[in-house]
Each structure stands twice: as structure tokens, then as C-alpha cells.
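Participant: Based on these hints, arrange chain B on the given structure of chain A.
Which chain is which? The protein sequence lines are A and B, in order.
The first sequence begins at 211 in the working numbering and counts up one residue at a time.
The second sequence begins at 3 in the working numbering and counts up one residue at a time.
It should be emphasised that the hints constitute simulated quantities derived from the structure, not laboratory data.
Don't take each hint at face value.
Unchecked claim - Partial chain B-side listing against chain A, Cβ under 7 Å, derived:
(1) Pro32
(2) Val33
(3) Gly102
(4) Pro106
(5) Phe152
(6) Asp157
(7) Gln159
(8) Cys164
(9) Arg297
Said to hold, decoys possible - If you anchor each label on the Cβ, the simulated ranges turn out as follows:
(10) Ala238/B to Ala242/A: 44 to 54 Å
(11) Arg318/A to Pro183/B: 53 to 63 Å
(12) Glu124/B to Phe343/A: 41 to 51 Å
(13) Arg246/A to Tyr223/B: 51 to 61 Å
(14) Gly253/A to Arg104/B: 41 to 51 Å
(15) Gly337/A to Tyr223/B: 43 to 53 Å
(16) Pro483/A to Glu130/B: 12 to 22 Å
(17) Glu124/B to Ala242/A: 50 to 60 Å
(18) Glu273/A to Gln122/B: 48 to 58 Å
(19) Glu234/B to Val277/A: 38 to 48 Å
(20) Glu130/B to Pro551/A: 38 to 48 Å
(21) Arg549/A to Arg49/B: 31 to 41 Å
What the hints assert, rightly or not - To give an idea of the chain B side of the interface with chain A (calculated C-beta under 10 Å), a few residues:
(22) Ala35
(23) Ile36
(24) Ala147
(25) Ala154
(26) Arg156
(27) Pro160
(28) Ala162
(29) Ala179
(30) Arg181
(31) Ala189
(32) Ala190
(33) Asn192
For every residue, glycine included, the Cβ atom is placed at its ideal position computed from N, Cα and C.
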Amino acid sequence: MTRAWLVPAALAVALLATSGARSGAEPRASLAEVRRFEAHLEGLIARLSSSVVTIGALVDDEEGLPVKSGGSGVVIDPAGFVLTNDHVTEGQDEAEVGFADGRVVTGRVVARDRQGDLALLQVDASGLVAAEFGDSTALVPGQRVLALGNPFGLAGESQRPAASLGIVSATQRFIGGSKVYGEAIQIDAPVNPGNSGGPLFDLEGRLVGINGRISVRGAARHNVGVGFAIPLHQIQLVLDDLRAGRDVERGYLGVRFLTEKQGQGVVVRDVLPRTPASAAGLRSGDRILAVEGQGLGRRAITHPVRLQNALSILPAGSQVVLVLERDGQRLQVDVVLGRRPPQ
Amino acid sequence: MRARLWAAWALILSAAWLSSQEAPRRAPSPVGAIAASAPGVVRVEVRGTRPRPDDRWQLFRRLRERPGAAGVVVAPGQVLTHASLVRYVDPQFTVTDVAGVRHPAHLLQVDDSLELALLQVEGHLAAEPLRLAPELPRAGAPVLALGDPFLAARDAQPAASCGVIEGVLALDAPEVAYREPVLVTDAAINPGSEGGPLVDLEGRVLGILAPLAEDRRTGDYAGYAVPIAALERLRAQLGRGATLGVVGRVRDGALEVERVLDGGPAAGVLLPGDRVLSLDGAPLADAQALHRALRQRAAGVAVQLEVERSGARRQVTLTLGSAR
Chain A
211 MTRAWLVPAA LAVALLATSG ARSGAEPRAS LAEVRRFEAH LEGLIARLSS
261 SVVTIGALVD DEEGLPVKSG GSGVVIDPAG FVLTNDHVTE GQDEAEVGFA
311 DGRVVTGRVV ARDRQGDLAL LQVDASGLVA AEFGDSTALV PGQRVLALGN
361 PFGLAGESQR PAASLGIVSA TQRFIGGSKV YGEAIQIDAP VNPGNSGGPL
411 FDLEGRLVGI NGRISVRGAA RHNVGVGFAI PLHQIQLVLD DLRAGRDVER
461 GYLGVRFLTE KQGQGVVVRD VLPRTPASAA GLRSGDRILA VEGQGLGRRA
511 ITHPVRLQNA LSILPAGSQV VLVLERDGQR LQVDVVLGRR PPQ
Chain B
3 MRARLWAAWA LILSAAWLSS QEAPRRAPSP VGAIAASAPG VVRVEVRGTR
53 PRPDDRWQLF RRLRERPGAA GVVVAPGQVL THASLVRYVD PQFTVTDVAG
103 VRHPAHLLQV DDSLELALLQ VEGHLAAEPL RLAPELPRAG APVLALGDPF
153 LAARDAQPAA SCGVIEGVLA LDAPEVAYRE PVLVTDAAIN PGSEGGPLVD
203 LEGRVLGILA PLAEDRRTGD YAGYAVPIAA LERLRAQLGR GATLGVVGRV
253 RDGALEVERV LDGGPAAGVL LPGDRVLSLD GAPLADAQAL HRALRQRAAG
303 VAVQLEVERS GARRQVTLTL GSAR
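Same shape as in the complex, but just chain A (with noise of 0.2 Å):
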């Protein structure tokens, strides 16, 4: 009798489960969600394309011969301020800011952040529509985002960007070089030669990114689907110097750690002699467990990249925290960051 009520019972909850896990199989998107998204994307790209700038400079090449270079840009201000890559002004004063209503007018750089490739300038005109500013901290892989700018030059005289779709491969990578790229977000939309200095977008149309290099398969320049974003957060932290004509320069620490993780945190290898870590007092051996800082709130240091993507995005002069572990013991340490020597 027991057997007969449970082998029934049993089944049910069977069936039950089974049901319950093919609701939620293969949801199909219906054509008019395509449509509606496809809706949303127009929409996005004809309101934000009037904050994207197509930028032509004169730069020098490797020889030192001025070729024309073009390039992308981003309004940030509808006082007339415009952001875009420093290598894509590299060695100029003045460069041609086109609008996408065909307005071409004269901008002047108003600072640099040469190792963080970026360049601020500053347009006479009117009626200037500014990127809203959103939260790329906050951004999840597998997020949508929208790249805007000037691939190749196609945008001509019309000045008009192009738009390219994609999603948010990585974040926090750090790409280093003469330009670095910390905290560097990875993204699969195409940019191609042209759209360096251009915006990344979320799907709300707030401003992300600066667009600034992509990987390479051998020698084409174009895309392959591995691209990489300065982020706000870290542009924001210059800001406020750029727009007060202040040059920019990164920050640096000088200590060599170990980068294979050792356990907790990040340990000190050597401290190089007249450098911030050892006026602060750094030693070998410790072993660097977060880093505190304005702007940067505190980053938990939980792998060496972690360590280097936070010194690289704070500027030179950044008075930051480290907390450290010596001997068993906590301390915290402050360290006001030097000149990241060039490479």
C-alpha cells in the first residue's frame, strides 16, 4: 500500500522537474524584440552621433615626416572640450574636429596624457552635445557596447560616424608599452585604424570609453575582434588637470614583484633605490594586500595585474594607501606616487 501512493508520487515530482527545467529552455527572441532593439540601437546612434568627432591631424611617422592622421573624438563639454587618443594629435598643436553635421573647425590641445594616450582639445563652436558620463567600473563581460567613430576615414567629408556593435569581452586588462592601457576594457565590436580616440557606449548611450588600440594578426592593421578601451573611470581621474591645461603623466611606485600569485596578495621582490616605494619605506618581502586611493576607492589586490592596473590609472602626485603585510603584521603605508619613468 505504502509503495502503491509513492511510486505515483514519485513520478510526479518527476514530471514536475523535468517541466519545470524545459520552461525555461530555448526562449526564441520574437522578430518584433529584434525589431524593437533594432529600434533602440537607431535611436542611440542618431542622438549620439552628434557628441562623436572626426579628427585629422598632421603627426609625425616613424621617420619624422608629418602624414595626415585620422582619427576619432568625443564632445565631454558643450564648452568645447573634446577628448580623443594623444596618438592620434601626437606632436601637434592644432587639428581638424569635424562634427556629423559637417561643420570643420579648428581645435587646439589643451593637454596630454601622453603615456595614458589621451589628448584633451578645445573647439570654438556652438551648440556642442556632451557624451553623458556612465559607470565603467560597473561593466559585466558579455555586456552590449557601441563603438563610434571614423574607421579608415570612411566618414569623408560628410564627417558622419560609423557605428559598430559588439559586447564587453574583459575587463581589467592591462596593456603595457609606451602607451598603457590599465584597467583596459576588451571589446569585440570592430574598430579599425581611424576609430582610436572615439567613444565606447553602453546600451543607456553614456560614454564608457576612449577606443585606443586593437591586437593584430600579423602585419594588416585591421580589426580581429580583439580591441581594448581606455575606461572612464580612469580618464576621469585626469580630468579636472587636463581641462586646466596641465599635462599629464602616469603614476609610478618602483617596486618589482613577484608576478606568479604567491597566496594573498602581491609580494615585493625588490625596492628600487630613490623611488616612492623606498621613501616610503617599502621592503622586500611584503606583501601588498589592497591599495586605497582618491578616486579609486580601495582595489583588493588579488593577483600582481590587479597591482599594476591600479598604480597604472592613478596619475603621477596621487597620494595613495597600501596595505601591507610585514612580518605577520597589518600596516598601512602612504605613498605619494612618482613620474613612471618612460619605456
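Facilitator: Only chain B this time, still in chain A's reference frame:
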């Protein structure tokens, strides 16, 4: 009796309630798929003495910066990756999980014709196995390719690219060894992506990414993944052991070759009368030494043999076959 029926109903209803109270199922999306699958993606690095002579993926490798690619946790402690990673004689593997922990690993099985290699991680691998998709995707299905293109990740976090299945079809390209339809996709695949998973929007593994293939007809580079169903065929080979494909006997510190099996791994490499003195540097003192050496290696692995032939010594390399 009635009380029992009520109890049964209570059980059914509470089961129904429990299943409705599960974490709210988010609609399948790239964000959810990456959150579900990225923790099961690892980095695989390989070191070895020298490249295999029969390396069909050589050209592609010249484009990469340093050795390494991605892998997928498919069972506790087991990592599936692309066969192109097994390109050294006596390969040594290191698997790094998303938490940044490095583990040594050894090869369980490799099959070039399936384009797959299965590794066993030594020590505890914290990453949970990923769910495998039960069937082939259809053309047009949205997918994500996870891996580490250009090995840009310094913290072992994989990157994802979104695309669609362009088709499930046989590719006509010299690099494609898998002779059945593969999952062709427009999601970005680059050096460092291979071995990573192609997942659906629920984060289930559809296939293992391969190096790009140059289509013979169009000259375009096509990105593709080997369907995950091939894993079962790779597993079926497990435990069969590896063989040199010769008949002979071990005597006086050498394997004396009496016959070379036609079409076997040693065909065209060894000759009757050859004396094999060592395998990957380990002397073949007795039959046990030879069996031990073969047991420790999977079919598909290249080995280096020291051979004495007509009084002269030479080094030869061959790829072990699968023992039947």
C-alpha cells in the same frame, strides 16, 4: 489511507513550490553565459623538448607570441583542449585556473583526427566542470567564443566574443583534421583562443575552438569549433594505451625490431633489425621499462628514440599509435 494521499499531495506541491522558488532564471544572454562558463575555462601552457615533425598546425603557431592556449574543465580535474597544443616531444603541461592557481598536468589522450587532447590535472583543480550541450546547434544560433586571444590576459581571465553559428559543415581546409561537420562561427577567434569553448547563451559547451583554418576555395580564414560530441570518442580510447607499432623483443638493453606493422606509427621510421636503445632518453633495460614508458604516454604523443642501425646510432621521432 486518506492521510497518506494528502501527504503525497503535500510532497508534490512542495516540490512544485521549491522548483518555482529557484533563483529566478534569467533569460539566456551573453552576460549570463559568460558568468556561467568563464570559471571553467583555464589557460594551458606546454613545454617540451622540440616540436613534433608531423605538426600540421605549425604555420598558425608562427603567428603566436608565446606557447599557450585555453582549455575547458569537462570533468573533475580533467581539461579538454585542442590537439594542436600537443606539439612537443615529451610535453609538460601547466594548467592555470581563473583564480590564478597553476597546476602541473599530464596528457591522458590525444587524437589528431578528433583535434582534441584530454589532460589530467595533478592536485586539486577548484574549477567545476562546465555543462555540455546535448545536441548540435543550428545555423544562426548565437554563440560565444571564450579563450585568451593574443594571450592578453595576465590574470588568466578569459575573454569572450559574441557571434553566430554560420553553419554546421565540413570545411575544406588543410588545417582541419576533423572529417565530420564542424561548428563554423563568426565569433572572433585568434591565436590563444584555441582549446577554449564555444558556448551557447546558457553557457553550455557546444565545441572546442580550433586554430583558424584557411578555406581552400575562398582563401578566407574560417573560425570553427570541433563539436563536443567528439569528447565521447576520445574518452572511448582511454586506457587502450599507446604502441610503437612494431613486433620485437627486448634483449641486452634494447628493443630488437623484428617486424614493422604496415601503416603503423613506426612505418617508414624503423626497420627490421633496428635496435631501440632508449625512449625519450630513458634506457630500455628490460621489457618492463618499455611497457612502463608506453603506459605513461598516450597515443598521439611524439617520442624520441635512440636507434642503432648497422652499427651507427641515430635519433628518430615517431608519434605513438593507439593499442587495440
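Participant: Of the numbered hints stated earlier in the document, which are not met by this structure?
Facilitator: 4, 9, 13, 16, 19, 29 and 30
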